[in-house]
Every structure is written in C-alpha cells, then in structure tokens.
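Participant: Top to bottom, those sequences are chains L and R.
Going letter by letter, the first sequence gives residues 1 to 249 in the working numbering.
Going letter by letter, the second sequence gives residues 1 to 141 in the working numbering.
Among the hints, erroneous ones may be present.
Straight-line alpha carbon distances no greater than 30 Å define the calculated DSSO-like cross-link-like pairs of lysine-lysine that follow [what the hints assert, rightly or not]:
no.	chain 1	residue 1	chain 2	residue 2
1	R	35	L	45
2	L	119	R	112
3	L	119	L	240
4	L	146	L	215
5	L	128	L	146
6	L	231	R	112
7	R	35	L	128
8	L	240	R	112
9	L	43	L	119
10	L	215	R	112
11	R	112	L	146
12	R	35	L	119
13	R	112	L	219
Simulated from the structure, these hints should not be mistaken for laboratory data.
Here's the letter readout for the chains.
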Amino acid sequence: MAETISLEVFRYSPERDAEPSFQRYDVPLRKDWVVLDALNYIKDKVDGSLTFRWSCRMGICGSCGMMVNGEPKLTCATFLSNYAREQGPLRVQPLRYFPVIRDLVVEITDFMTKLQSVKPWLIRGKEKPISEGEYLQTPEQLDRYKQFSMCINCVLCYSACPVYGLDPVFIGPAAIALAQRYNMDSRDEGAHERMDILAQHEGIWGCTFVGECTKVCPKHVDPAGAIQQYKLTATIERFKSFLMPRGAK
Amino acid sequence: MTETRQPARYTEYHPRWYRSRVSTWWWLAQWPYLKFILREISSVFVAWFVVVLLLQIRALSRGSEAYAAFERWLQNPLIVLLNMITLFFVVFHAVTWFNVAPRAMAIRFRGKRVPDFWIVGANYAAWAAVSLVLAWFLVRS
Numbered sequence: 001m002a003e004t005i006s007l008e009v010f011r012y013s014p015e016r017d018a019e020p021s022f023q024r025y026d027v028p029l030r031k032d033w034v035v036l037d038a039l040n041y042i043k044d045k046v047d048g049s050l051t052f053r054w055s056c057r058m059g060i061c062g063s064c065g066m067m068v069n070g071e072p073k074l075t076c077a078t079f080l081s082n083y084a085r086e087q088g089p090l091r092v093q094p095l096r097y098f099p100v101i102r103d104l105v106v107e108i109t110d111f112m113t114k115l116q117s118v119k120p121w122l123i124r125g126k127e128k129p130i131s132e133g134e135y136l137q138t139p140e141q142l143d144r145y146k147q148f149s150m151c152i153n154c155v156l157c158y159s160a161c162p163v164y165g166l167d168p169v170f171i172g173p174a175a176i177a178l179a180q181r182y183n184m185d186s187r188d189e190g191a192h193e194r195m196d197i198l199a200q201h202e203g204i205w206g207c208t209f210v211g212e213c214t215k216v217c218p219k220h221v222d223p224a225g226a227i228q229q230y231k232l233t234a235t236i237e238r239f240k241s242f243l244m245p246r247g248a249k
Numbered sequence: 001m002t003e004t005r006q007p008a009r010y011t012e013y014h015p016r017w018y019r020s021r022v023s024t025w026w027w028l029a030q031w032p033y034l035k036f037i038l039r040e041i042s043s044v045f046v047a048w049f050v051v052v053l054l055l056q057i058r059a060l061s062r063g064s065e066a067y068a069a070f071e072r073w074l075q076n077p078l079i080v081l082l083n084m085i086t087l088f089f090v091v092f093h094a095v096t097w098f099n100v101a102p103r104a105m106a107i108r109f110r111g112k113r114v115p116d117f118w119i120v121g122a123n124y125a126a127w128a129a130v131s132l133v134l135a136w137f138l139v140r141s
C-alpha cells in the first residue's frame, strides 16, 4: 500500500518572490486525514513557513477554503484518500479570483465590503417595546429562509464564479444569498432598502447563471437559486412600481 | 449601526499581493464552464430557428409557388446540416433550461417547498403535451 501522497502546494512570499511557485511535499496517506491535516503535518514536521488559514476543522468556521485540484473546497472536509488513486500530485492553491497575501492566504476585504452593503441584519421600520415580547416565528416561516442562513462565508462560491473573476464589481453569490436570507425572514422589513443594491447591474443582473456556486457550496445554501428567485422578485417589483408609481413602496 | 450606502467596489491595488489574471480560455478549463458557454451560444441557434419560421410564414403568404421554392431551399444539404446542428442546440437549450428550472422556481405547497423532481417533471410534461398537440395537428392534415 502506498503510504504517502504527494502534495504540490502554491507558495508565494511577498517579501521574496516576484512570482509564485509550487513546492512538493510528501505526507503520510492516512484514511482519516483531510487535506487540512496534510497541511498541518507539513507545517509541524516539514516546513514551518507554510502559511494557511484554518480554525474549527469541522466545516463551520469557513476559513480553510482552498483550490484542491482546481476545485474550490473546504480543506477540512476533503479527504486525501479521495485523491489517492489519481495520477500526479494533489495540487493545493489559494482560492481563485482573490488577491494572495501569502502562500494559501487570500485577501477577502472585497467580499466583506459587499456583504455589508446588502445589510445582512434584521431591519425593522419600528421596533416594538420589549414589554410586548419577542418576535414569534412559525416553523414554516423559518423554513423559508433557513437554507440561506446556513452560509458560513467561506467564499468558495466566489472562487467558482467566472462572473466574479471577470467582473470583480459583481456583488457575488454569498452576499446575495445572505441578503435573501433576511428578505425572506418574516421579522424583517428591509427588503426595499436592500433592493437598491441588489437590483442593479452589479447585483443580481450580473449573474449569468453558471450555477457552479451552488455546486461547490459545502452548506447546500444554493446561492444560484437565491439569485434567480430574486430576479423574479425584482422584476415583479419593477412592474408594480411602473403600474402603481405611488402604491407599490 | 453604521450605514454603508456605498456601492460594492473592487479591492484596491496592493503592490505586494499576488493577483492572477483570468485566462481568455477559462471556459475550456472545466466541463461545467464549457457546458455553460455552449448553452449561451445555443441562443444564436434558437434565433436561427425563429428566422426560419419567419421565412416560412413569408413564403406561405406569397402563395404556393413561393412556398415550393422555400421547401426546395430547405432541402439544400447545407441548410439541412445547419438545421440539424440547430436542432441539437435547441434541444440542449431546452433540456438544460428544464433542469435548472427548480433553482429559479421556489414553489411552496402546504408550507413545504415542492421537490425539484416535480418542477422538472412538470416542465417535461408540458413540453410533451404541447408536442403531442402539434403532432396531432400535423398528422390530421
């Protein structure tokens, strides 16, 4: 049995390198090891200079996203054994379409700015006094947005989206899915405020429905679905404001 | 809470960050992307079928002689080949469209979302029904 697996890891040092390169490491191939375990093995035993982000190692913090053999993956949920039979080394690269700070660490301020721009929080026209109690919600009302609320901001969907790669002003899959998470929430009253951001060209209309964001999502959020559903909502709202200029808002 | 009204913007250039360029041939790198591009191209062929239909209607309005000429034009091997390719792309367009329909249609019935299978199935059923009606018209005449 082959006891080791080769990894080809993207290396880039802003101090030393003008261009990135790949470095090859051999790590033990263990049945229970994921790509993140292999990277930690390299950092602990082989090369302490390798830099990458990780935290929970159980698919909830969303910080260990990388390109594994060209596909955006959470490295804590991607088993080495799945690649053991493949020809050639396993390629680990930083998430595509984001600037690289060092090795496998990418800069995601662009996403954070966009996420904030869609106001991903509950907006109320008027808060009711605490004495009136909490805002109740039925299981059915919860079910309408629950899927979108599972997003962990791992930005794999951005790395899967060629529209984002080609046109970086696109707000992108996760931010739109999270806007929908609040739009569909029965306690929220901010749909009109979000529409100004979402219903512009850089918003939903930038999406050409490649659909890869949904395929790579580790939490089954279905951002492509959120965007298409919002296209329908935005179109209906547009016709409404056209037919009833005063009554719609 | 601070209001962030500013539009989404591109992260500013930073001299020490490494940025890779998106290749012009990005759509050849992975099959799903190539499929997407083929689907986009299919719209050209859909438009071609519309043109053929319009030409057919024009020929029909100009009498039987013009229509016979139109039919002869249709029998041109090049046009037959083009129409075969067009048929392939139109079917490809329709099938991929039906398959993604559940993403865009979040229909709820008795508080639960209708499973994807039923939405796709309903699209195919409607397609089959329309085709049957058309076939019936053609066979009858």
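Participant: If a hint holds in the structure, say so; if it does not, say that too.
Facilitator: How the hints compare with the structure:
{"no.": "1", "hint": "R:35 to L:45", "in the structure": "43 Å, violated"}
{"no.": "2", "hint": "L:119 to R:112", "in the structure": "27 Å, holds"}
{"no.": "3", "hint": "L:119 to L:240", "in the structure": "24 Å, holds"}
{"no.": "4", "hint": "L:146 to L:215", "in the structure": "18 Å, holds"}
{"no.": "5", "hint": "L:128 to L:146", "in the structure": "24 Å, holds"}
{"no.": "6", "hint": "L:231 to R:112", "in the structure": "22 Å, holds"}
{"no.": "7", "hint": "R:35 to L:128", "in the structure": "51 Å, violated"}
{"no.": "8", "hint": "L:240 to R:112", "in the structure": "27 Å, holds"}
{"no.": "9", "hint": "L:43 to L:119", "in the structure": "38 Å, violated"}
{"no.": "10", "hint": "L:215 to R:112", "in the structure": "23 Å, holds"}
{"no.": "11", "hint": "R:112 to L:146", "in the structure": "13 Å, holds"}
{"no.": "12", "hint": "R:35 to L:119", "in the structure": "34 Å, violated"}
{"no.": "13", "hint": "R:112 to L:219", "in the structure": "20 Å, holds"}
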